[in-house]
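Participant: Line by line, the protein sequences are chains A and B. Count along the first sequence starting at 1, add 11, and that's the number in the working numbering. Count along the second sequence starting at 1, add 273, and that's the number in the working numbering.
Since the hints were derived computationally from the structure, they do not count as laboratory data. Some hints here could point you the wrong way.
As the list claims (entries may be wrong) - Computed list of lysine to aspartate or glutamate pairs in DMTMM-like fashion (alpha-carbon distance at most 25 Å, straight line):
| # | chain 1 | residue 1 | chain 2 | residue 2 |
| --- | --- | --- | --- | --- |
| 1 | B | 464 | A | 71 |
| 2 | A | 109 | B | 459 |
| 3 | A | 47 | A | 181 |
| 4 | B | 464 | A | 98 |
| 5 | B | 464 | A | 179 |
| 6 | A | 109 | A | 187 |
| 7 | A | 109 | B | 374 |
| 8 | A | 109 | B | 439 |
| 9 | A | 42 | A | 255 |
| 10 | A | 157 | B | 450 |
| 11 | A | 109 | A | 79 |
| 12 | A | 109 | B | 316 |
| 13 | B | 464 | A | 150 |
| 14 | B | 328 | B | 316 |
| 15 | A | 47 | A | 206 |
| 16 | B | 464 | A | 245 |
| 17 | A | 42 | A | 87 |
| 18 | A | 42 | A | 202 |
| 19 | A | 42 | A | 193 |
| 20 | B | 378 | A | 187 |
| 21 | B | 378 | A | 71 |
| 22 | A | 109 | B | 373 |
| 23 | A | 157 | A | 181 |
| 24 | B | 464 | A | 133 |
| 25 | A | 157 | A | 135 |
| 26 | B | 378 | A | 181 |
| 27 | A | 152 | A | 136 |
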Amino acid sequence: MNSTTGAYVLEAENLHVWYGEFHALRDVYLKVGRRKVTALIGPSGCGKTTLLRCFNRMNDLVPTARVEGRIQFNDEDLNADYVDPTDIRSRIGMVFQKPNPFPKSIYDNVAFGLRINGYTGDMDEAVERSLQRAALWDEVKDRLNKGAHTLSGGQQQRLCIARALAVEPEVILMDEPASALDPIATLAIEELIRELARDVTIVIVTHNMQQAARVSDETAFLMVDENRSGYVVEHGETNQMFTEPRDERTEAYITGRFS
Amino acid sequence: MVQGHAIFRRRKELRKALGSAVYVVFLAAVLVSVVGLLVLLVDIVTGGIPWLSLKLILNYPSRHPEQAGLWPALIGTLWLMGLTAAFSVPVGVGAAVYLEEYAPKNRLTALIEINISNLAGVPSVVYGLLGAALFVQWLALDRSVLAGALTMSLLILPIVILASRESIRAVPRTYREAAFALGATDWQVVKGVVLPAALPGILTGVILGMSRAIGEAAPMLVISGLLFVTFIPTNPMDKFTVLPLQIFNWVSRPQEDFQGLAAAGIVLLLVVLLSMNAVAVFIRNRYQVRSDE
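Excised from the complex, chain A in its bound form (with noise of 0.2 Å):
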């Protein structure tokens, strides 16, 4: 099988996630389909977040966090001890929940991840290129040195997808990412997302349940257990979830009857 050709980008399996004595994560199995967008939907504190943050290592950063099962990334094991963190993250991107641009000018935002991955290419023509891809080139193209907290929440938001997809990733998670703006942002990101689905995989953690009815081809429902840990009740295309749930809690959820 041909590492970039196999339906699954991304598949867990058996995995849990731990912060120090706190089991977040349970068991969780979950395909994540190549070029598709992969919706993780739950109640508060369910672990998808937790979970979208496996996928790109970052739980790492955690001193007290324990990752276990395994998660294979096309055909190597994404936890292995031969496996950079650093490498992974150039490959797997990601883009936050509120809009976090550095404090730096636009263009130098979109050329941050190029330098540190040691981009020997054309450098004004890649920023351009990653600007056209988030849908910001023809509002920014004129003041490309200018702040970039000079942009508004939606405008920084769509860069901060910019810059991750400057180093050319072949997924990009995507952390709750319009839950901090404006109806008609949000709709700008949501548009974006189903164009990026036509060459990036991507994973979306979102509340809103109109949003991954929206963006999504895939969805999987996690929900918490009794000792508050989360695990996935349900996985499977969105338009089968939203129409006819096979399982009763997933229904009850997205029918609004508990949140």
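Mind docking chain B on chain A? Use the hints.
Facilitator: Same frame as chain A, but now just chain B:
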């Protein structure tokens, strides 16, 4: 309504009166310090102005007040400040980066943190004695400007470290996460994101430290002695004197004229201090502008 009256004793008049009284107390606190500073400044400037001249700056010390200058002390101070900055900034910022970004959070680092804070409160003459033993004697640096600068560096390191740490800690975690998520190594995150964002605060700490160092007489008295220096240092191993010592020397003389010279020396010391700060503020503002405009 009736019930409300029974439960609340609003006493609006009393609360308003208390508010005004507190305002006056705080205003008075500000005035006391500002007026005190102003009186001091006016006294020194009026005493010093008749003696401010090119001769004061360019002449060597002399027994005759009308010919006395502080050229060696001025150059000595510049040497001392330059070397002190060269030692204390990289070491201080490096220590702060290590403690904030690399060190595990355990008892040992907590102990180190407490000790650094305590060191900031140690009397400066103690540093002078330490420097005399460590640098002058043990490392055999003699009473050189290098020994002085190393001593001064020890003195201001806690200030630089504390301010730098505060500033590094204030850099939002989300910046670091964004950089890590792009595949940056620890050092790339520090160099590319943390230090640029923390630079204004680090410079503030450097200003504070250098301002402390430029005015210190006690530790330099121990290191260099109260020399009658008639030459300027040309390399780090030369003997030296500094402005506060020259001022101290003049103040302690009985003749009236030397008091004027001392005041003029203080004015000059303030000028050097303020121009040093101006440079740092200029650098700081340059970096701040780049992120928000």
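Participant: Hint by hint, note whether the structure agrees.
Facilitator: Hint-by-hint comparison with the structure:
1. Straight-line distance between C-alpha atoms of residue 464 of chain B and residue 71 of chain A comes to about 20 Å, which keeps the hinted pair within the 25 Å bound.
2. Between residue 109 of chain A and residue 459 of chain B the alpha-carbon distance is near 22 Å, which keeps this suggested pair within the 25 Å criterion.
3. Of the supplied pair hints, the one linking residue 47 of chain A and residue 181 of chain A holds, its CA atoms being roughly 11 Å apart against a limit of 25 Å.
4. For the given pair, residue 464 of chain B sits about 19 Å from residue 98 of chain A by alpha-carbon distance, which is consistent with the 25 Å threshold.
5. Taking the CA atoms of residue 464 of chain B and residue 179 of chain A, the gap is about 23 Å. The hint holds against a cut of 25 Å.
6. Using a Cα cut-off of 25 Å, the hinted pair residue 109 of chain A and residue 187 of chain A holds, with the two alpha carbons roughly 8 Å apart.
7. Proximity of residue 109 of chain A to residue 374 of chain B is assessed by CA-CA distance (about 23 Å); at most 25 Å being required, the pair is judged to hold.
8. Restraint check for residue 109 of chain A and residue 439 of chain B: the C-alpha separation of about 24 Å stays at or below 25 Å, so the hint holds.
9. Our distance criterion of 25 Å between C-alpha atoms is met by residue 42 of chain A and residue 255 of chain A, whose separation comes to about 20 Å.
10. Using a Cα cut-off of 25 Å, the hinted pair residue 157 of chain A and residue 450 of chain B holds, with the two alpha carbons roughly 23 Å apart.
11. Annotation: proposed proximity of residue 109 of chain A to residue 79 of chain A is violated, straight-line Cα distance about 29 Å (limit 25 Å).
12. Under the criterion of a C-alpha separation no larger than 25 Å, the hint pairing residue 109 of chain A with residue 316 of chain B is inconsistent with the structure, at around 55 Å.
13. For the suggested pair residue 464 of chain B and residue 150 of chain A, the alpha carbons sit about 30 Å apart, so the restraint of at most 25 Å is broken.
14. Among the hinted pairs, residue 328 of chain B with residue 316 of chain B is consistent with the structure: their alpha-carbon atoms are about 22 Å apart, no more than 25 Å.
15. For the hint linking residue 47 of chain A to residue 206 of chain A, the alpha-carbon distance of about 11 Å falls within 25 Å, and the restraint holds.
16. For a cut-off of 25 Å, the pair hint linking residue 464 of chain B to residue 245 of chain A is broken: about 43 Å separates their Cα positions.
17. Note on residue 42 of chain A and residue 87 of chain A: the hinted pairing holds, with a Cα-Cα distance of about 14 Å set against a maximum of 25 Å.
18. With a C-alpha separation of about 24 Å, the suggested pairing of residue 42 of chain A with residue 202 of chain A holds against the 25 Å cut-off.
19. With a C-alpha separation of about 31 Å, the suggested pairing of residue 42 of chain A with residue 193 of chain A is violated against the 25 Å cut-off.
20. For a cut-off of 25 Å, the pair hint linking residue 378 of chain B to residue 187 of chain A is broken: about 30 Å separates their Cα positions.
21. For a cut-off of 25 Å, the pair hint linking residue 378 of chain B to residue 71 of chain A stands: about 16 Å separates their Cα positions.
22. Distance check on the hinted pair: residue 109 of chain A and residue 373 of chain B sit about 24 Å apart at the alpha-carbon level, within 25 Å; holds.
23. At most 25 Å may separate the alpha-carbon atoms for a hinted pair to count; residue 157 of chain A and residue 181 of chain A exceed this at roughly 29 Å.
24. For the proposed pair residue 464 of chain B and residue 133 of chain A, the alpha carbon gap of about 23 Å is at most 25 Å, so the pair holds.
25. A threshold of 25 Å between alpha carbons decides the hint, and for residue 157 of chain A with residue 135 of chain A the separation of about 15 Å falls inside it, so the pair holds.
26. Of the pairs offered as hints, the one joining residue 378 of chain B and residue 181 of chain A is violated, with about 35 Å between alpha carbons and a cut-off of 25 Å exceeded.
27. Between residue 152 of chain A and residue 136 of chain A the CA atoms are separated by roughly 12 Å; this keeps the pair inside 25 Å, and the hint holds.
Hints 11, 12, 13, 16, 19, 20, 23 and 26 from the list above are not met by this structure, while the remaining hints are.
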